[in-house]
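S.K.: Everything in the sequence shown is counted per my numbering, starting at 9 for the first residue and increasing by one.
Treat the hints as calculated values from the structure; they're not laboratory data. Careful, some of the hints might be misleading.
Label-pair restraints from in silico Cβ distances [stated by the list, open to error]:
no.: 1; residue 1: 268; residue 2: 145; range: 55 to 65 Å
no.: 2; residue 1: 669; residue 2: 500; range: 24 to 34 Å
no.: 3; residue 1: 676; residue 2: 495; range: 17 to 27 Å
no.: 4; residue 1: 500; residue 2: 111; range: 17 to 27 Å
no.: 5; residue 1: 222; residue 2: 143; range: 55 to 65 Å
no.: 6; residue 1: 472; residue 2: 125; range: 23 to 33 Å
no.: 7; residue 1: 157; residue 2: 403; range: 18 to 28 Å
no.: 8; residue 1: 451; residue 2: 111; range: 29 to 39 Å
Only a predicted model underlies this, so the values are computations on that prediction, with no experimental measurement involved. Using N, Cα and C, we set each Cβ at its ideal position, and we do this for glycine too.
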Amino acid sequence: MEKINTNGQTFFQTEEETINLYEVIQVLYRGKWLIILVFILVVLATATFTFMQDPIYESTAVVLIEKGKKGVGLTEAFDITGLSEQRNIKNEIEILKSRSLAEAVAKKLIERVYVDPENKKDTILVILPSKKELKEGIKPFAKIETILERFKEDVKIESPRDADIIKITVRSKNPKEAALIANTFADSYYERNLMMSRNESRSVRMFLEEQLAEKKKLLSQAEAQLENYMKQAGVVALDEESKELIKQLSDLESKRGETIVDISSAKRKLDSYLEQIKQIEPEFVKVATEALDPYIKYLQEEIAKLEVTRDQIIAQNPKVGSQEVLNKSLREIDEQLASLRKKLQDKISEFLKIGFASSGSPGTQSYDPTGFVKELKQKILLTEIEMSAYEARKKELDRLIEQLNKKFETIPSKLIDYARLERTRLSNEKLYLLIEEKYQEAMIAERSQFGYVQIIDYATPGIKPVSPKVHLNLIIGIVLGLGLGVMIVFVREFFDRTVRSPEQLEKRGFTVLSAIPVIEVEAKLDGKQLKKDEGRNIAAHLITHLNPKSPVAEAYRVLRTGIQFAKLDRKIKSIVVASGAPKEGKSTTSSNLAITMAKANLKTVLVDADLRRPVLHRVFGVKREPGLTDYLFERAELDEIFRKTDIENLYLIPCGVVPPNPSELLGSEKMKKFVEYLKSNYDLVVFDTPPLVAVADALILANQVDGVLLVASAGKTEIDVLDKAREMIQRVEGNVIGVLLNNFDASATYGTYYRYYRYYRYYDYYGADREKGEGNA
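Please model the entire structure based on the sequences and the hints provided.
M.R.: Shown next, in the form of structure tokens:
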């Protein structure tokens, strides 16, 4: 972007200014106190928060999942598909996170009450009622739901990758309580696993125990009835045909009784599975009892018929079983059975896949990410298929028994009662023996189930708290404090549009004639008391006179030199001192500039052209009237408005009466003639004018003088306002000779006075000679 600077030279400025490391350091140095303040506040807040927190202790119990360890249960014995899945760690984690296990732990803790129950010390914190519950009158223990919510926050269940162990980690304010809760979770989980592992075998064993007692009683009754009948009727034996018929019937009836027991055992298992899944997926209970594939039932019925037929053939021909080569009938039956069983297994596999594919989807209640519900559903469906097979077998046995019963009725009437009793005795005896065998198997299966969970390590109370982490929190606080402070400084810098340094002005195309340091106000300056007026430090306006050896005075002398060499083609004899906005040091600048010019043996006149808020008469301690306005209104003569000051070669024209129309007065012909008079009779004329952006007074004088000096205040003047002021002056064909930067703190900007110190302190080394030189100039 092409621009014209204050000296009329062309320069180029990119829209995005390059930020170098030096500028970044300057920004940080300027905002050092803000960074330190934010840093201290953040660190103090972090430390306060850290040390006010209660210490939290952590304890961990470790359990091992032995996935390969399984007892010889009935589920494995009846699993005709071979599709049972191995348990996985995710299943067990879900069990540990389940509500039922958490409730069991909560109830145990409530029953215990104390961490140390023997001495009744340290009430368990997790079971105490919350403040809300206390207000509701709930005591002495919290609701189960409240305890479970606390478990969600304080209990962590996780498993290391590629490991068969689960870690139960608990946090608490009491280290002993953390260990207690972790161990209670581990024990409850172990007990539940042991109970679930034995539950299936236990229910079957208890049922078989009942059936065994019942069948034993029936067998005793049958034997007693047969013995009594033989004594009364005198019948001691049956013919061979009747014996064979009774044997066949008793075999079939015992097998039917065994099948009925199997159906009842499977029903017990099914009820147990359905009760478990009812809490998770109630709709599946109805589906499981109604959705069995009819084709599976048909295959089971055909297999049952062939199996019973085969058993009947072997029973009728005992020698067939001992032959090395089976006869043609048995071979055909075996081939048919093998084919049907293969079809049945394929159909069951297909049925299970379809059933599980539609059992749930993510986002639904039936969705099970761990496979726990899937495994339970598989057991239910397999048990249903198992029951269906038993029922088909029973149906076929009923048919054959009915056929043999018709033959049984052909036995001579004298022997028929004896035959019935013998048949009943044999049936009960065989059934009793079968049930006793199954009962022994169930007992072995139950006792062989030890679960697949082993507690490796019980939790122990922690020695050191895990929270709060003092060192980590403080480090985070330090980093956050520094980062936040730096961020705030850069954000403030980004939105700050005020002038900060001479370089910033130069980048905008301004010529910086001098930078005036911050004037430090003291009680006395060279033995002269500070003057106060309306809160103003009057001595600051006259610092070049009252303290000529100060760096500030030297900076004004630099300004004087800059003005003298601003235009090489012609000498500047008149200057308007203006600012973009109020209170930027315009009057101080005009006063000290006039003093330095006068000390350089230039006949100088300072005109207070701020006809709205004049101050120069108070600065120099003279009367305001008569003044400039009185002359323009022809109320005073020309020689009456000049005031001789204490500074040699310096004259002051005060404002005079404050007029109602300052702009019209300054733009009058008489004012123009007065300006020309001053320029022709004095070496330098300095006009102090109102702010440019506020009123047009300075613009009226801008094209009547040789140049305009813009005054900016570091950290206060907005760069856009200064740009606007320059634009306004150039629009009326005024000449901006440069900018004076007031209140410039070099140490805050650069971190050192060095860059300007060598100019400001130059006078200290050669001050006496300079004073003498100026006096003789």
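S.K.: All the hints need checking, so say for each whether the structure fits it.
M.R.: Status of the hints after comparison with the structure:
Checked against the given bound of 55 to 65 Å, the beta carbons of residue 268 and residue 145, roughly 57 Å apart, stay inside it. Judged by the Cβ atoms, the range 24 to 34 Å given for residue 669 and residue 500 is violated: they are separated by roughly 43 Å. A hinted range of 17 to 27 Å is violated for the C-beta pair residue 676 and residue 495, which are about 56 Å apart. Taken as a hint, the range 17 to 27 Å is violated for the pair residue 500 and residue 111, whose Cβ atoms sit roughly 56 Å apart.
Separated by about 59 Å at the C-beta atoms, residue 222 and residue 143 satisfy the suggested range of 55 to 65 Å. About 26 Å separates the C-beta atoms of residue 472 and residue 125, a value consistent with the hinted range of 23 to 33 Å. Between residue 157 and residue 403 the beta carbon distance is about 54 Å. The supplied range of 18 to 28 Å is therefore violated. Range check, residue 451 to residue 111: Cβ separation about 32 Å, and the 29 to 39 Å hint holds.
Hint compliance for this structure: hints 2, 3, 4 and 7 are not met, and every other hint is.
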